[in-house]
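Given chain A's structure and the hints, the job is docking chain B onto it.
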Amino acid sequence: MKWTRRDVLKGLGGIPILGAVWWAGASNTVSKNRERSAILEQLKIDPSLPSAVKAISGNPIRIGIIGFGIRGEQLCRALGYATEEWKEAMRIAHEEDPKNNQLQDFLDQEKLNVDLVAVCDIFDVRAEQARKLNPYKPLKRFRTHEEMIRSGEVDAVIIATPDHWHAPMAIDALENGVHAYVEKPMTHTIEETYRLREAARKSKALLMVGHQHRQTLSFQTAQDIIEKGILGHVSLIQTNTNRNDDNGAWNYDIHEQANENTIDWEMFLGSAPKIPFNKNHFFRWRKWWAYGSGLSGDLLTHDYDRLNCVLNMGIPNSVMASGGIYTHNDGRNVPDVLQVNMEFSDYSTGSSQVKGKEKGMTFVYSATLGNGFSRPTILMGHDATMELGNRLTIWPESGSTKYAEMIEAEKMNPRVPIYQYDPAASAPDAVSSATSQYFADKGLMWTYIDGKRVDSTFLHLREWLSATRNGGKLSCGIDEGFDEAISAHMAGLSYKLGRRIDWDPVSEQLVPIDGIDFDEVLLRST
Amino acid sequence: MSGSKTRWELKHSIVLMRILIGWHFLYEGVIKLYNPDWTSFGYLASAQGPFKPVFLAISQEPFLVWADNLNWMALMFVGITLTLGVFEKWGAGVGIFLLALYYLAHPPFPWLEQVNVEGSYWFVNKNLIELVACLIVLQHPTAQIFGLGNIWNRNKSLNKSEAQ
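First to last, the sequence lines map onto chains A and B. Everything in the first sequence is counted per our numbering, starting at 168 for the first residue and increasing by one. Everything in the second sequence is counted per our numbering, starting at 3 for the first residue and increasing by one.
Incorrect hints may have been included.
[Stated by the list, open to error] DSSO-like cross-link-like pairs, simulated, lysine-lysine; straight-line CA separation at most 30 angstroms:
{"no.": "1", "chain 1": "B", "residue 1": "54", "chain 2": "A", "residue 2": "266"}
{"no.": "2", "chain 1": "A", "residue 1": "254", "chain 2": "A", "residue 2": "299"}
{"no.": "3", "chain 1": "B", "residue 1": "54", "chain 2": "A", "residue 2": "254"}
{"no.": "4", "chain 1": "B", "residue 1": "128", "chain 2": "A", "residue 2": "199"}
{"no.": "5", "chain 1": "A", "residue 1": "304", "chain 2": "A", "residue 2": "254"}
{"no.": "6", "chain 1": "A", "residue 1": "369", "chain 2": "A", "residue 2": "221"}
{"no.": "7", "chain 1": "A", "residue 1": "307", "chain 2": "A", "residue 2": "371"}
{"no.": "8", "chain 1": "A", "residue 1": "199", "chain 2": "A", "residue 2": "522"}
{"no.": "9", "chain 1": "A", "residue 1": "640", "chain 2": "A", "residue 2": "304"}
FYI, nobody ran anything at the bench for these hints, they're computed from the structure.
Same shape as in the complex, but just chain A (with noise of 0.2 angstroms):
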């Protein structure tokens, strides 16, 4: 043998570099992956998986649509009746796209067991739309709400139409017998949501509210964060809107067939004060107080709703606002610019430290329609931050108390999330506008499950559609809509009256300002 030592240096040398690569790239990942696991092991939370809603059974539900405007023809695609219109332009838009999915998307969608029997709208050429929505048997048009609950022919209502019209056709359909989903802000009078309430009790038909969110699958594992006191005591949430384009400061299209004979503008106007007709006020009434409530009814229930659904914090004890009419200066009376500080002085998520040092939390609403950046939900807690939307996201918090070992370790960094929970990760999607990447974003729009993208407007009328015949507990009935209608009222008062609006637990009141009459304020232009 010729064999020196140098030969097997050079013929052996590779193996001793591949074994410190190996034991280098296998140590660090698998201590990364122990430290993660110890991190998830403390941390214990449970994703939510979607809750079982028992099937419609029996003969279809039959339902009416009252309002088909923007929001009207989204639940009814909910429901899963389209328009022709929107399904050309959706079909354009996936060839222009590819990953615009929403023809597609809508037509995978669940079949319920439901018949879109009849259409009130005000709006003849809406009306008319409606009606070809079913092509085999067109929708019945009913001209008033009353006609459509009193004919026998719907179960159920869903109500899309101004806010001003929310409660008095809610009201009319329970006490009638029939259901009723009814969209966002459910009032627009404090003495109506007391009103509201207490039909809804004595019905035996059920109020849904048309916060859909609460179907989506982050929220509810959000509450599991919560419940398990990982972020600690939270003494601060951030909540935002943040919008920059017509559509989103609800300059919304003006129908070129619209004018005194196809509208009737009467029942349009309803309680509100008499002006002649108006098209700007039709088809743009969000920016009016006498049919709709701005920021504070349309956007910050949406924000409100989403925290209640995860802290289940309920009515604040007070309530601060200021804002103004800053960047669209078109002869609105709503605020363009707002922000809300709500205090729940007794509330707390639980505390890591001594006794009675934590409790309460300022909830702060900040809104500016100028633009849109794009700020998240934020819960500040004292042992951990999280970010809300369809998407969660916890960091730790340097000064915690929970996780000082942790941080002290280096097994916690401030700076790296400890938790990260996105069910879309697999689900590549294509956004079309940036008002429902607003809505998006915030989960707003739809959840995941399985990785698939799910409508939740379409889970959240499914449930309502199913308790109507199974029974069981909505997640958005008349008690969480009478906190959300309260609360955005005490906002709009706030800011209109410049002072600090407070609310009485017991007695469940405002507590009165003297001279000063609540529902007047709210209605009046200013």
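Okay, now just chain B, sitting in the frame of chain A:
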């Protein structure tokens, strides 16, 4: 092979390059092998350029599991062969194939949006350069200088000379 003093020549530089490439591939492979949560989904789903539809298709089931497994296996194969200096031509070939895929999935073309890149590139990026380096390794085998190939071939030549 005599004389204790050897000048540092091109072949030695190529050995060094081969080992470093092997090191790089091996570490990437081991990291993926030991991390059960690793997936190439994000990388494939965010693909750009002319082959975008192909990569998008691979990012879906049932192909994704195959792509994930084949990727770490191929990385480890390149890593082991180039580090040890055995079957190095095969290793370099597989390396070229992998790097070509990585290059095509996120090509640094000026008209494409560059996502998750740490530097500035114009048609040429590190993947392309490493690919060419693999090409050199393929054309200039160095296992006989440093690697198991040294023993392998020596045994062969010894057997030959004994037979004669």
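Right, here's what the structure says about each hint:
no.: 1; hint: B:54 - A:266; verdict: holds, 12 angstroms
no.: 2; hint: A:254 - A:299; verdict: holds, 13 angstroms
no.: 3; hint: B:54 - A:254; verdict: holds, 27 angstroms
no.: 4; hint: B:128 - A:199; verdict: holds, 27 angstroms
no.: 5; hint: A:304 - A:254; verdict: holds, 19 angstroms
no.: 6; hint: A:369 - A:221; verdict: holds, 25 angstroms
no.: 7; hint: A:307 - A:371; verdict: holds, 26 angstroms
no.: 8; hint: A:199 - A:522; verdict: violated, 35 angstroms
no.: 9; hint: A:640 - A:304; verdict: violated, 33 angstroms
Of the numbered hints given earlier, the model fails hints 8, 9; all others are met.
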